[in-house]
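Q: These protein sequence lines map, in sequence, to chains G and W. Number 126 in our numbering belongs to position 126 of the first sequence; there are no gaps in the numbering. Counting the second sequence from 1 gives a position; our numbering is that position plus 261.
Just so you know, these hints were derived from the structure itself, not from any lab. The reader is advised that the hints may include incorrect statements.
As the list claims (entries may be wrong) - Derived BS3-like pairs: lysine-lysine, alpha-carbon spacing no greater than 30 Å straight-line:
(1) W:K311 with W:K294
(2) W:K653 with G:K153
(3) G:K184 with G:K214
(4) G:K129 with W:K653
(5) G:K18 with W:K311
(6) G:K121 with W:K429
(7) G:K22 with G:K214
(8) W:K429 with W:K294
(9) G:K153 with W:K311
Unchecked claim - Here are a few chain W residues that face chain G, going by a calculated C-beta distance under 7 Å:
(10) G590
(11) G592
(12) T636
(13) Q637
(14) Y640
(15) S643
(16) R644
(17) M652
(18) M654
(19) G658
(20) Y659
(21) S661
(22) V664
Claimed, not checked - The following residues of chain G were derived to be distant from chain W, with all beta-carbon distances above 12 Å:
(23) P39
(24) G53
(25) G62
(26) L72
(27) D77
(28) R81
(29) A87
(30) E93
(31) G96
(32) L107
(33) E128
(34) E146
(35) S149
(36) I185
(37) N191
We treat Cβ as the ideally placed atom computed from N, Cα and C, and that holds for glycine.
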Amino acid sequence: MAKPDFRVNDLRVNIDGKEILKGLNLHIQGGEIHAIMGPNGTGKSTLASALMGHPHYEVTGGSATLDGEDLLEMSVDERARAGLFLAMQYPAEVPGVSNANFIRQALNARLGEGNELPVLKFHRMLQEKMKALSIDPEFAERYLNEGFSGGEKKRNEILQMSMLEPRIAILDEIDSGLDIDALKIVANGVNSLRSENIGFLIITHYQRLLNYIKPDYVHVMMQGRIVRSGDATLAEELEAKGYDWLKAELGIEDETVGVEA
Amino acid sequence: MTELNTLSGQVHRVSSALGEPEWLLALREEAWKRFVEMPQPWIEKTDLSKRTWDTGTFSTDVEKVPQEVQAYVDGIEHSYALFVDGLLVDLKLTDEAKAAGVVYQTIHEGARLNGAVWRKHFGTVVATDESKWAALNAGLFVGGVFLHVPRNVQIEAPFETVYVWTGKEFGSYPRSLVVAEELSDIQYVETTFSSARDVKVASSHVLEVVAMPSSRVHVAAADEWHKGPTYFLTRRAKVEKDADVRWTVGDTSDGFGVETIENVLQGSGATGLIRVVGLGYGREHFELTASMKHVGRNTESEIVMHAALRDRANTIYRSRTEIVKGAVGAGSEQHDRMIMIDGTARADAIPMLLIDENDVNRCGHAASVGKIDPTQIYYLMSRGIPYAQAMKMIIWGYLSDSVDALPTAGVRDLVVERIERELGR
């Protein structure tokens, strides 16, 4: 299979009639890790949710394709089956649905009818991946995210990602609320998946995560678009100097687009 | 008076067809008189003014057992009784139960062959004059079982009464009496297969359970009430000292019904649990009250009700806890949760606490009505699960605990199949 090829062109997105993304461009290929940084309220999470197809977000212009297929024409589940994955900042809790059952249904939906993974093989694989992420084996039978701590939810998102093996994975503030040990575990989970067959888009507020996951490209978002792109050194520069110098350079006074992160 | 005379002809017809003794005919006639005298009942959320009290005409012709039901009954390995329109078609009592001295026969045989126990308990749990429909049932009861479990008999395999209601032009009036003597431990199941009917009749079903001291009874039901008749269902247990009565009722209906499931925790230390799992669809109107009446000291109860509603179904679930004066140290919990799958459905979850005793151990209630959380649907879909499957997974997440509590694989499968059928549309 060819390397994943993910393109976003001039993407424009509204929430409640207000434009949040104002023409965003991005090109990610398999094997690459892109990081999007930026202050709160600049549209980073809107980008993640709009690409996944959250019903609250209205795409008003531009395009998004994965391997040449138009993502914007697809329903949320079709996007996922095409290979898009979003590790959510605030994943929903679903009582009564066990974690294992959820992941198995998701995996089988992705594999398609007739290609379902045998139950035993699935459970062996699940337990292996859970071990790698230091997740207690009993979490397999816990209800999906119900009563999970913030860190447990984040690890559970990474677990799903490693089970589903997406072609493009977007991690939306996967580092928020994690202590340093949990952060390392999550970073290891991401690094172990790194290959030509997957491209990453890592959305983060802090450079800290990028000490553990080395990005190939770093983009800075302000006012609903990417205002500067560079390599990993850009992230280090931002960590050292903050955002103000960049704002001054770009002549931006208010970097936000009027929404909460 | 014309009405009374004409209609009470039904009472005579039923009683003579069943070859009943004089005393039983007298009991029926008295009940019928009460039925006719009692005023039209008023129920807060259920308008009965356009419903009939007609009964249709009793006949002894036995309809054929539908294939689906025969296949179901063929799979039963425990004791069972099969009724078609209230008329007994088949009854099997296992050797184990027979050897233990269990009596399992029709309610009519019970009156004839075990009159002493029968007369001691009949009507003591569901009184003839407690409601117009209870009186109707006592006047016209046809079908149902008399189950008498001797002292200290514990049998894991359930006793299952299977009812088939065809399109016959006669209301359904089954009545069962379960008497569990001291220290006994049993499971009793009622399974219903009914068809939609054009006939407008008032049906009334009654189940009385007497749980003697330190006995344990699990009552389960797989119900389906289809449109046509008005169904009045009264199921109640009297729970004596240190006895425990659990109910697990799975209901998939599109009909019109009013049901009460109640434990009267009579003795001290009596405990009870009522679990209801419902799926309403079509133009269902169903008002169900799960009730715990605490009379004895240190009694404990729990009510768990879950419903999912489709189409234009209108379901009212009441969870009712009554703690009478003197029921010191009572503890009770209520959980009532209803989900409207379609925007056209309507649900009411009504918790009721009637407490006349100051010394209550605990009394908790939680009730909620809502739609499926769209963020849950989005989350499941974001992992590749199609909408319809995501919706089913979330609904089963609510319902599965209660379905799992049903006592046999056969009943569980039946309820799962009925719910799947309506969720999968």
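Q: All hints, please: hold or fail.
A: Now the hints, each set against the structure:
1. Between K311 (chain W) and K294 (chain W), the direct Cα distance comes to roughly 22 Å. Compliance with the 30 Å bound is thereby established for this hinted pair.
2. Under the criterion of a C-alpha separation no larger than 30 Å, the hint pairing K653 (chain W) with K153 (chain G) is consistent with the structure, at around 23 Å.
3. Between K184 (chain G) and K214 (chain G) the CA atoms are separated by roughly 13 Å; this keeps the pair inside 30 Å, and the hint holds.
4. Between K129 (chain G) and K653 (chain W), the direct Cα distance comes to roughly 27 Å. Compliance with the 30 Å bound is thereby established for this hinted pair.
5. Restraint check for K18 (chain G) and K311 (chain W): the C-alpha separation of about 52 Å exceeds 30 Å, so the hint is violated.
6. A hinted pair counts as satisfied when its Cα atoms are at most 30 Å apart, and K121 (chain G) with K429 (chain W) does not qualify at roughly 53 Å.
7. Our distance criterion of 30 Å between C-alpha atoms is met by K22 (chain G) and K214 (chain G), whose separation comes to about 28 Å.
8. Distance check on the hinted pair: K429 (chain W) and K294 (chain W) sit about 25 Å apart at the alpha-carbon level, within 30 Å; holds.
9. Annotation: proposed proximity of K153 (chain G) to K311 (chain W) is violated, straight-line Cα distance about 54 Å (limit 30 Å).
10. At about 31 Å, the closest approach between the beta carbon of G590 (chain W) and any beta carbon in chain G exceeds 7 Å, and the interface hint on this residue is violated.
11. A distance limit of 7 Å between C-beta atoms decides the matter here; for G592 (chain W) the minimum to chain G is near 24 Å, and the interface restraint is violated.
12. Below 7 Å, beta-carbon pairs count as interface contacts, and T636 (chain W) has one with chain G at about 5 Å; its hint therefore holds.
13. Because the beta carbon of Q637 (chain W) sits about 5 Å from the nearest beta carbon in chain G, less than 7 Å, this interface hint is met.
14. Hint on Y640 (chain W) holds. Least Cβ distance to chain G is approximately 4 Å, under the 7 Å limit.
15. Taken as an interface hint, S643 (chain W) checks out: its beta carbon lies about 5 Å from the nearest beta carbon of chain G, inside 7 Å.
16. For R644 (chain W), the interface hint holds, the least distance from its beta-carbon to any beta-carbon of chain G being 4 Å, beneath 7 Å.
17. Against a cut-off of 7 Å between C-beta atoms, the interface hint on M652 (chain W) is violated, since the closest Cβ of chain G lies about 12 Å away.
18. Given hint, M654 (chain W) at the interface with chain G, holds; its Cβ is 5 Å from that chain's nearest Cβ, closer than 7 Å.
19. This hint holds: G658 (chain W) has a C-beta 2 Å from the nearest C-beta of chain G, less than the 7 Å allowed.
20. With its C-beta approaching chain G no nearer than about 6 Å, Y659 (chain W) sits inside the 7 Å limit, and its interface hint holds.
21. For the restraint placing S661 (chain W) at the interface with chain G, the shortest Cβ-Cβ distance is roughly 6 Å, inside the 7 Å limit, so the hint holds.
22. A hinted interface residue such as V664 (chain W) counts as satisfied when its beta carbon comes closer than 7 Å to some beta carbon of chain G; here the least separation is about 11 Å, so the hint is violated.
23. Every C-beta of chain W lies more than 12 Å from that of P39 (chain G), the closest at about 26 Å, which supports listing it as non-interface.
24. Distance check for G53 (chain G) against chain W: the nearest CB is about 8 Å away, which does not clear 12 Å, and the non-interface claim fails.
25. Look at G62 (chain G): its CB is around 21 Å from the nearest CB on chain W, clear of 12 Å, so calling it non-interface holds up.
26. The beta carbon of L72 (chain G) sits about 15 Å from the closest Cβ of chain W, which is more than 12 Å, so the claim that it is off the interface holds.
27. Taking the minimum C-beta to C-beta distance to chain W, about 4 Å, the non-interface status of D77 (chain G) is violated against the 12 Å cut.
28. A cut-off of 12 Å between C-beta atoms contradicts the statement that R81 (chain G) is not in contact with chain W; the least separation is 5 Å.
29. The beta carbon of A87 (chain G) sits about 10 Å from the closest Cβ of chain W, which is not more than 12 Å, so the claim that it is off the interface is violated.
30. At the 12 Å boundary, the C-beta of E93 (chain G) falls inside the reach of chain W, the nearest C-beta of that chain being 8 Å off.
31. Chain W draws G96 (chain G) into its interface by the beta-carbon criterion, the shortest separation being 2 Å against a cut-off of 12 Å.
32. The beta carbon of L107 (chain G) is not kept farther than 12 Å from every beta carbon of chain W, the shortest such distance being approximately 8 Å.
33. E128 (chain G), annotated as away from the interface, keeps every beta carbon of chain W farther than 12 Å; the closest lies near 19 Å.
34. Here E146 (chain G) does not stay apart from chain W, with its beta-carbon only about 10 Å from theirs, under the 12 Å limit.
35. With a least beta-carbon separation of about 18 Å from chain W, S149 (chain G) lies farther than 12 Å from that chain, consistent with its non-interface assignment.
36. Even its closest Cβ contact with chain W, about 21 Å, leaves I185 (chain G) beyond 12 Å, as expected for a residue assigned away from the interface.
37. Non-interface status of N191 (chain G) relative to chain W is upheld: no Cβ of that chain comes within 12 Å, the nearest being about 22 Å off.
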